[in-house]
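*Asks:* Each chain, written out:
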Amino acid sequence: MKGRFLGGMRDGIPIALGYLSVSFTFGIKAVNDGLFWWEALLISMTNLTSAGQLAGISVIAAGGSLVEIAMTQIIINMRYALMSLSLTQKLDKHFTKGKRWLAGFGVTDEIFAVASGRLCDVTAAYMAGLITTPFVGWSLGTALGALAGNVLPPSVQSALSVAIYGMFVAIFVPPMKKHKSIFFVVMLGIALSCCFKWLPLINRVSSGFAIIICTVIAAAVGAVLFPVDDAQESEGAA
Amino acid sequence: MSFEKFLPYLAVMAVVTYLIRAVPFAMFSKQIKSRFAKSFLYYVPYAVLAVMTVPEIFFSPDMIVAGVAALAVAVLLAYKERGLLTVAMCCSAAVFVTELIAKHI
Numbered sequence: 001m002k003g004r005f006l007g008g009m010r011d012g013i014p015i016a017l018g019y020l021s022v023s024f025t026f027g028i029k030a031v032n033d034g035l036f037w038w039e040a041l042l043i044s045m046t047n048l049t050s051a052g053q054l055a056g057i058s059v060i061a062a063g064g065s066l067v068e069i070a071m072t073q074i075i076i077n078m079r080y081a082l083m084s085l086s087l088t089q090k091l092d093k094h095f096t097k098g099k100r101w102l103a104g105f106g107v108t109d110e111i112f113a114v115a116s117g118r119l120c121d122v123t124a125a126y127m128a129g130l131i132t133t134p135f136v137g138w139s140l141g142t143a144l145g146a147l148a149g150n151v152l153p154p155s156v157q158s159a160l161s162v163a164i165y166g167m168f169v170a171i172f173v174p175p176m177k178k179h180k181s182i183f184f185v186v187m188l189g190i191a192l193s194c195c196f197k198w199l200p201l202i203n204r205v206s207s208g209f210a211i212i213i214c215t216v217i218a219a220a221v222g223a224v225l226f227p228v229d230d231a232q233e234s235e236g237a238a
Numbered sequence: 001m002s003f004e005k006f007l008p009y010l011a012v013m014a015v016v017t018y019l020i021r022a023v024p025f026a027m028f029s030k031q032i033k034s035r036f037a038k039s040f041l042y043y044v045p046y047a048v049l050a051v052m053t054v055p056e057i058f059f060s061p062d063m064i065v066a067g068v069a070a071l072a073v074a075v076l077l078a079y080k081e082r083g084l085l086t087v088a089m090c091c092s093a094a095v096f097v098t099e100l101i102a103k104h105i
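Those sequence lines, one after another, are chains A and B. First residue of the first sequence? That's 1 in this note's numbering, and the numbers climb one at a time after it. First residue of the second sequence? That's 1 in this note's numbering, and the numbers climb one at a time after it.
If you are wondering where the hints come from, they were derived from the structure by calculation, not from laboratory data. Incorrect hints may have been included.
Pairs of lysine to any residue, SDA-like flavour, derived with a Cα cap of 25 Å [what the hints assert, rightly or not]:
id : chain 1 : residue 1 : chain 2 : residue 2
1  : A       : K180      : B       : V23
2  : B       : K38       : A       : R118
3  : A       : K177      : B       : K103
4  : A       : K99       : B       : V23
5  : B       : K5        : A       : S65
6  : B       : K5        : A       : K99
7  : B       : K33       : A       : D33
Keep in mind it's a predicted model, so treat the numbers as computed, not measured.
One chain only, chain A, in its complex shape:
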């Protein structure tokens, strides 16, 4: 039991290191958007997600409505439902319902990727360990970025601000090589996103809704033109 927990924590170390740098930039952005350092930390400790949090603070900074922020989170984080769903097939039979309600909090892209790549069933103890280290890294990085980010020279802050986007690119580019369909969906999404940035009239749509609209259109067109077969789907999303 204890051994499995520690094994999970160990497997979570590389994820935690990655999260540390990305959440550092989230902390800087949150404070620059007008939040206190402890508000940024609270978001990280209760959400544990990069893309959703980033979009969330941009909605907050723009004074968006609660409906807008809820819809943004639903669309951006909807992928987790798919991951959670697929991970249920790999859970150990002693992984009880109560434990599932707790562990469900920690299904992130990277934790999902490591857990679903396990050759044996995923136990509750292993999953708890695998969530713990990245959670600490994510929270610590956010607090450091929010507290100390502004003592860094502007040139370093400017450089760190793109780290989170670099991580996104590292997730969506490699599968574009293998699947023409993903290449198409990514390019369509980018084209739409640019339209919402620069075309008159629609560039007034707030960033939260623009993300939702572009994502839904790109993924839906992809689903119509290139429906996935079961083999492709089981390779898993990012």
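On the provided structure of chain A, position chain B as indicated by the hints.
*Replies:* For chain B alone, coordinates are given in the frame of chain A:
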């Protein structure tokens, strides 16, 4: 931002995000049947990450040219399948170097 204004946003973000993950994790044991729904969900992660990255990455650093350099470096390294941390850090380094050069010419 005042805590009274911040708290509703925090609560909505946290609850929505938690439910999306935990409900399927705790409740479902069957697979989704609809091919369209499966395909749509399969493409969502790639679409959402691409949409959030471009064109925002251009405007995130102080200079747009540095943002262009950041995207170029990130795409190149990601194409070579380097890890998340490597890509993220090199992307930052590209911005730092580009802005350093741009300020001295």
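*Asks:* Could you run down the list of hints and mark each one as holding or not?
*Replies:* Comparing the hints with the structure gives:
no. : hint             : in the structure
1   : K180/A to V23/B  : 32 Å, violated
2   : K38/B to R118/A  : 23 Å, holds
3   : K177/A to K103/B : 36 Å, violated
4   : K99/A to V23/B   : 12 Å, holds
5   : K5/B to S65/A    : 11 Å, holds
6   : K5/B to K99/A    : 33 Å, violated
7   : K33/B to D33/A   : 42 Å, violated
Consistency with the previously given hints fails for numbers 1, 3, 6 and 7, ordered from lowest to highest.
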